[in-house]
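Undergrad: Sequences and hints are given; from them, build the entire structure.
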Amino acid sequence: MTVLGKMKATKRFLHMNKLASMNILVTGSKGFIGTEIMKCLQENGYSPDGVDIGDSVDEKKKYDIILHFGARTLIRNSFSKPYEYFEDGLGLTMKYLELARKHDSLFLFPSSGSTAEPSNPYSLTKKQAVEWINLYRKLYSTRVIIFRLFNIYGTTARKGAIYLFTNAALKEQTATIYGDGSHVRDYVNVLDLAKTVLEVVNGNINPGDYEIGSGVGTSVNEVISMVEKVTGKKLKTEKKPFIVDEADELIAHNTIVKNPMKLIDGIKLIRDSLVTENK
Numbered sequence: 001m002t003v004l005g006k007m008k009a010t011k012r013f014l015h016m017n018k019l020a021s022m023n024i025l026v027t028g029s030k031g032f033i034g035t036e037i038m039k040c041l042q043e044n045g046y047s048p049d050g051v052d053i054g055d056s057v058d059e060k061k062k063y064d065i066i067l068h069f070g071a072r073t074l075i076r077n078s079f080s081k082p083y084e085y086f087e088d089g090l091g092l093t094m095k096y097l098e099l100a101r102k103h104d105s106l107f108l109f110p111s112s113g114s115t116a117e118p119s120n121p122y123s124l125t126k127k128q129a130v131e132w133i134n135l136y137r138k139l140y141s142t143r144v145i146i147f148r149l150f151n152i153y154g155t156t157a158r159k160g161a162i163y164l165f166t167n168a169a170l171k172e173q174t175a176t177i178y179g180d181g182s183h184v185r186d187y188v189n190v191l192d193l194a195k196t197v198l199e200v201v202n203g204n205i206n207p208g209d210y211e212i213g214s215g216v217g218t219s220v221n222e223v224i225s226m227v228e229k230v231t232g233k234k235l236k237t238e239k240k241p242f243i244v245d246e247a248d249e250l251i252a253h254n255t256i257v258k259n260p261m262k263l264i265d266g267i268k269l270i271r272d273s274l275v276t277e278n279k
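Under our numbering, the first residue of the sequence shown is numbered 1, with each subsequent residue one higher.
Treat each hint with caution, since some may be false.
As the list claims (entries may be wrong) - Okay, derived cross-link-like pairs now, BS3-like style, lysine-lysine, Cα gap no bigger than 25 Å in a straight line: (1) K159 / K279; (2) K279 / K233; (3) K171 / K229; (4) K171 / K279; (5) K229 / K159; (6) K262 / K39; (7) K195 / K268; (8) K61 / K30; (9) K236 / K159; (10) K279 / K268; (11) K234 / K262; (12) K258 / K268; (13) K229 / K262; (14) K95 / K30; (15) K39 / K159; (16) K39 / K258; (17) K159 / K171; (18) K268 / K236.
Unchecked claim - Label pairs and their calculated CB-CB ranges: (19) E117 / K240: 19 to 27 Å; (20) I264 / Y140: 38 to 46 Å; (21) N204 / Q42: 12 to 20 Å; (22) E117 / P207: 20 to 28 Å; (23) K171 / Q128: 38 to 46 Å; (24) K81 / T176: 15 to 23 Å.
Because the hints were derived from the structure by calculation, they are not lab data.
Quantities reported herein were computed from a predicted structural model and do not represent experimental measurements.
The beta carbon of each residue, even a glycine, is placed where N, CA and C say it ideally should be.
TA: In structure tokens:
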């Protein structure tokens, strides 16, 4: 091996050692988003610890970064289980935020893309969590990154319009639409979110608040047209009134996601995944 080759090999060895020595905690590691984050970090040389809701964590271990994605996420379920959403939402956030304060860890928290006044227990826990985080920033100089997530979707989501509509079209089932389908949302693939979290772990994103979206707005009716185009099937739909007040439009205008996946390409991934599953 040449001298230059040895130098490159040594540099790679030191880099891999640095990655392996970094202590990273991912909460919600078995969930839809957490699973993709764990996979992305592992594929890039990191060895994160993962915990899910109900798991214990070694609070004496000093983590360099805490990626807090452990929480209940279905707004509709929060109406019938307000205490559970408080306990697993705000309660767990406080637990890991305090752990970050004690060990001077970088704390990443996923908030909602909406800034509207909360109309349900889920949104209220998110709003209150952000208020506590901002207090920790002010009182203790806790290093925090808040990701304001827009509509995250992916092949393993098992919920959300993109997955549910594609699945319904392929199985020739009826999909439920809340409202008239004109409301616009920003859909961002979970793979893009995972890559952005990797940028945090790599030290390329400073503490602060950031939007995680595609920067492109798509109405529910437009999503239906895309699903029909990708699957080659007509989607049967049933319209119902909104359960909660919904904003007409939610789009990320300052997203930090680099080269986000086009929605139609994401729908193709879901279609291919579902076709493979159903073989």
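Undergrad: Would you mind marking each hint as holding or not holding in the structure?
TA: Verification of the hints:
no.	hint	verdict
1	K159 / K279	holds, 21 Å
2	K279 / K233	holds, 18 Å
3	K171 / K229	holds, 15 Å
4	K171 / K279	holds, 13 Å
5	K229 / K159	holds, 20 Å
6	K262 / K39	holds, 22 Å
7	K195 / K268	holds, 20 Å
8	K61 / K30	holds, 21 Å
9	K236 / K159	holds, 17 Å
10	K279 / K268	holds, 17 Å
11	K234 / K262	holds, 22 Å
12	K258 / K268	holds, 20 Å
13	K229 / K262	holds, 14 Å
14	K95 / K30	holds, 19 Å
15	K39 / K159	holds, 20 Å
16	K39 / K258	holds, 19 Å
17	K159 / K171	holds, 15 Å
18	K268 / K236	holds, 19 Å
19	E117 / K240: 19 to 27 Å	holds, 23 Å
20	I264 / Y140: 38 to 46 Å	holds, 45 Å
21	N204 / Q42: 12 to 20 Å	holds, 19 Å
22	E117 / P207: 20 to 28 Å	holds, 26 Å
23	K171 / Q128: 38 to 46 Å	holds, 39 Å
24	K81 / T176: 15 to 23 Å	holds, 21 Å
Of the numbered hints given earlier, the model fails none.
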